[in-house]
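2 protein chains.
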Amino acid sequence: MIGKEKPVLAVLCGDDQAGDLTGSPAMQGIESTALVRYTGAAGLADALRDADVLFVYDFLSRAVPDAWHAANRLRWLHIASAGVDPVMFPAMRDSDVVLTNSRGVFDDSIAEYVLGVVLSFAKDLHGSLDLQRERRWQHRETERIAGREVLIVGTGPIGRAIARMLRAAGMRVAGAGRRARTGDPDFGTVHASAALAEHLPAYDYVVAVAPLTEQTKGLFDAAAFAAMKPSARFVNVGRGELVVTGDLIEALRSGAIAGAALDVFDTEPLPADSPLWTMPRVLISPHMSGDFLGWRDTLIELFADNFHRWRTGTPLRNVVDKQLGYVPSE
Amino acid sequence: MIGKEKPVLAVLCGDDQAGDLTGSPAMQGIESTALVRYTGAAGLADALRDADVLFVYDFLSRAVPDAWHAANRLRWLHIASAGVDPVMFPAMRDSDVVLTNSRGVFDDSIAEYVLGVVLSFAKDLHGSLDLQRERRWQHRETERIAGREVLIVGTGPIGRAIARMLRAAGMRVAGAGRRARTGDPDFGTVHASAALAEHLPAYDYVVAVAPLTEQTKGLFDAAAFAAMKPSARFVNVGRGELVVTGDLIEALRSGAIAGAALDVFDTEPLPADSPLWTMPRVLISPHMSGDFLGWRDTLIELFADNFHRWRTGTPLRNVVDKQLGYVPSE
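Chains as they are written, first to last, in the numbering used here: chain H, 1 to 330; chain P, 1 to 330.
For the record, the hints were derived by calculation from the structure and aren't laboratory data.
These numbers were taken from a predicted model, which means no experiment stands behind them.
Just so you know, not all the hints are guaranteed correct.
So, partial list: chain P residues that the calculated Cβ filter (under 8 Å) puts toward chain H [unchecked claim]:
1) Gly40
2) Asp108
3) Glu112
4) Tyr113
5) Leu119
6) Ser128
7) Arg135
8) His139
9) Val244
10) Trp277
11) Pro286
Here are a few chain H residues that sit away from chain P, every Cβ distance over 10 Å (derived from the structure) [claimed, not checked]:
12) Ser24
13) Arg49
14) Asp50
15) Ser61
16) His69
17) Phe89
18) Arg140
19) Ala168
20) Ala226
21) Ala227
22) Ala272
23) Gly294
Note that beta-carbon positions come from the ideal geometry of N, C-alpha and C, so glycine has one too.
Produce the entire structure from the sequences given, and follow the hints as far as they go.
Here's what the structure looks like:
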C-alpha cells in the first residue's frame, strides 16, 4: 500500500551500485520524503508500477525500454549521465515524461582527460613507457601543442570545457555543431557538422564529444577519416556509435590518421578480440574520462537537488529537449 | 695561418651532430665571417688554441675542462643548453671568458611536458596502457588536476613557463627560489629553497627545475622526500644531481611519495641496472623534455644571433652570472 503523501521513486542500479546509494546522505534524505524502490534490471517493471519518478543510476543499462510498459504514472526520469541515448526510445520520446540528465558533472574532468591524451601524443609519453619497459634510453624529438589546431565536434558544455582547457594550454580551437556561426565565446568559429568533411583537413586533433542522435550516429566514417590530415589524432570521449568502428580501424591501419585515443566504444566493454587493443598509436580507456574520485557522490547530489526541486515545484535543472536529444544551450 | 680579420670559432660537437651544423644556413652565414673549427672531444684542445669563441653544441659533453689549458685567447663561450653546469669548473668561473647559454629555447616545450606527466599521473594514463596491453577493461576513478597544489623549485624562465602553463590548466602554483617573496607575477608566493622541507608538506606535485649549483646539488634528499605528502608526485626536468638518487628510490619504495616523472639523471644514459627503470609509478624519459622538433635549428639560430651581436659589439643575450651559475632575472 502506498502512502498518499509520499511519492514513489524507482532507482535502477546495478548490484554493485546499491551501496553507493543507500550509503549516501543525499539518498537518505530522499528516503524520508519518498518511498524509494532500489532495483536491478530484472525488477524494473515491478518497481516502475505506480512510480512517479525513475532515477537511472546505472546509466549504461539498456533495461528501461523493456520495462516501460509498466510505467503507468511516471512523470519524470533522471539519468546519471550526460548522454541520454540509453533512454531515448520512441515510447519515451513521445510520452509526457520529463527527462533530465547530469550535464555539468563531468565537463572539466573530461577536459583534463582530453588535454592529457593530446599531450601524451605530442610528447610520446606512451612511447617513453614502451622504451622504459625495455630499459632503453632512446632520445626522441617531440611535438609542441602550442598553436596546434583542434576541432571539437560537439558544442555542449563538455565540448566547451574542452575548448577552454585546450585554448588555455596554447592550442587553437574551433567547434562543429548543428549550426555554423562565428564569434562563439568558447570556440570562436563553429562549423556545421553536416559539412564536417570539408573542414577536417585543417586540424591536427579532432575531438568527438557530440551527443548521440540520429544526426550524429556514424558521423566519423571512412570519408571523415580520409579528410583528416595523415598526422591527425582522433579523440572520442562522446559515444562509440559516433564512429563507424571498422572505418576507424582501417584509417589507423592505412595511415589515413596518425592515432586515436578512445574512451568509448560501440560495444562496451570493448571485446577482447577487438583489433583496437593492440594497434600502435591507439590509447584505450574504459569509459572513464569523466569519472573523477567523488563523481558518484556528485551525481547523487545532483539528483537529490533536482528531486527537492520536483517536490517543491521549482523548475528542474538539465531538462532535455527530447526531440534534440540533449539539453539546449541557454 | 689565421687571417687577421676573421675571428676563430671552435665548435664542440659529437660525430653525429656535425651535420646539423654544417647543413645549417645560420652556421653557413657564420662561416663567411669567421674561421670555424668543428671538433669532437678529442680535438678540442687543438681547436681551442687561438680560438676567440667556443660554441659548445654538444651540451652534455664534459670535455671542456680537460682542454681548457689550450684556450689561450678565448673571450666567449656559448653553450647550447639552459643549464651551464658542464662548463662551470673553477678555471672557467675565475676567467674573464664571457659565458652565455640557450635560455628561452626550451621553456614552453618543457612546460608542456610537465603538464603532460602531471595529467598522466592524475588520469592514470600509464595504468590504462598497462591494462590495454592485457586487453583488460577495468574502470577506475581518477583525479582532477584543478585546484591541486604544485611547488616549482626553480624560478628561472623554465620554472616560470611551467607555472603559467599549470595555472592555466587550473592548478595552484607556488615557487621556491633563493629568496622568499610574495606577489611574484608567475608564482605568487616564492618560498626560500633553503627552507624547502618546511613547505613541501603542502604540495601535491613538486617540480625540480633549479639550475645545478653548489646550493642546489642534492636538494632533494631523504629529508625532502620525507616531508612530502605520501600522495605527492615528484617531477625532475632540471638536473639529475639535484636529487640524491638513492634517497629517491627509497622514498618510492617506502611510499614516502606516490610517484616520479624523471627526465634527467645523475648518470646519463640511465644505467640499464638502475632500479628506476622498473619501479611502479615511475615515468622515465631520456633527457628530452624540451627537445621539440626543430629545437636544433632554434639553438643554432640563437647562437648565430649572439655571434652577430658579438661581431658588431652589441650586448650578448643570455649572459650567465658565473658566480650564480645562471642568467639573473631582469
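Comparing the hints with the structure gives:
1. This hint is violated: Gly40(P) has a C-beta 18 Å from the nearest C-beta of chain H, more than the 8 Å allowed.
2. Checking Asp108(P) against chain H: minimum C-beta separation of about 6 Å stays under 8 Å; hint holds.
3. Of the supplied interface hints, the one on Glu112(P) holds, with its beta-carbon coming within about 5 Å of a beta-carbon of chain H, less than 8 Å.
4. With a least beta-carbon distance of about 5 Å to chain H, the hint placing Tyr113(P) at the interface is held under the 8 Å criterion.
5. The criterion of a C-beta within 8 Å of any C-beta in chain H is met by Leu119(P), whose closest approach is roughly 3 Å, and the hint holds.
6. This hint holds: Ser128(P) has a C-beta 5 Å from the nearest C-beta of chain H, less than the 8 Å allowed.
7. Interface hint at Arg135(P): satisfied, since its Cβ lies 5 Å from the closest Cβ of chain H, which is below the 8 Å cut-off.
8. Taking 8 Å as the C-beta contact cut-off toward chain H, the hint placing His139(P) at the interface holds, the least distance being around 5 Å.
9. Hint status for Val244(P) relative to chain H: violated, with the closest Cβ pair at about 21 Å, above 8 Å.
10. Given hint, Trp277(P) at the interface with chain H, holds; its Cβ is 5 Å from that chain's nearest Cβ, closer than 8 Å.
11. Residue-level restraint check for Pro286(P) holds (minimum Cβ-Cβ distance to chain H is 5 Å; threshold 8 Å).
12. Its beta-carbon lying about 16 Å from the closest one in chain P, Ser24(H) satisfies the requirement of being farther than 10 Å from that chain.
13. No Cβ of chain P approaches the Cβ of Arg49(H) within 10 Å, the least distance being about 32 Å, so the stated non-interface status holds.
14. Every CB of chain P is more than 10 Å from the CB of Asp50(H) (nearest about 34 Å), matching its label as outside the interface.
15. The beta carbon of Ser61(H) is kept farther than 10 Å from every beta carbon of chain P, the shortest such distance being approximately 15 Å.
16. For His69(H), the non-interface assignment is confirmed: its Cβ lies about 32 Å from the closest Cβ of chain P, beyond the 10 Å cut-off.
17. At roughly 26 Å, the least C-beta separation between Phe89(H) and chain P is larger than 10 Å, which holds for a residue marked as non-interface.
18. With a closest Cβ-Cβ approach of about 6 Å to chain P, Arg140(H) is found to fall inside the 10 Å limit, against its non-interface label.
19. The beta carbon of Ala168(H) sits about 4 Å from the closest Cβ of chain P, which is not more than 10 Å, so the claim that it is off the interface is violated.
20. With a cut of 10 Å on Cβ distances, Ala226(H) stays outside the contact zone with chain P, its closest approach being about 25 Å.
21. Listed as outside the interface, Ala227(H) is consistent with that label: its C-beta sits roughly 24 Å from the nearest C-beta of chain P, beyond the 10 Å cut-off.
22. Look at Ala272(H): its CB is around 5 Å from the nearest CB on chain P, not clear of 10 Å, so calling it non-interface is violated.
23. Not every CB of chain P lies more than 10 Å from the CB of Gly294(H), the least distance being 8 Å, so the non-interface label is violated.
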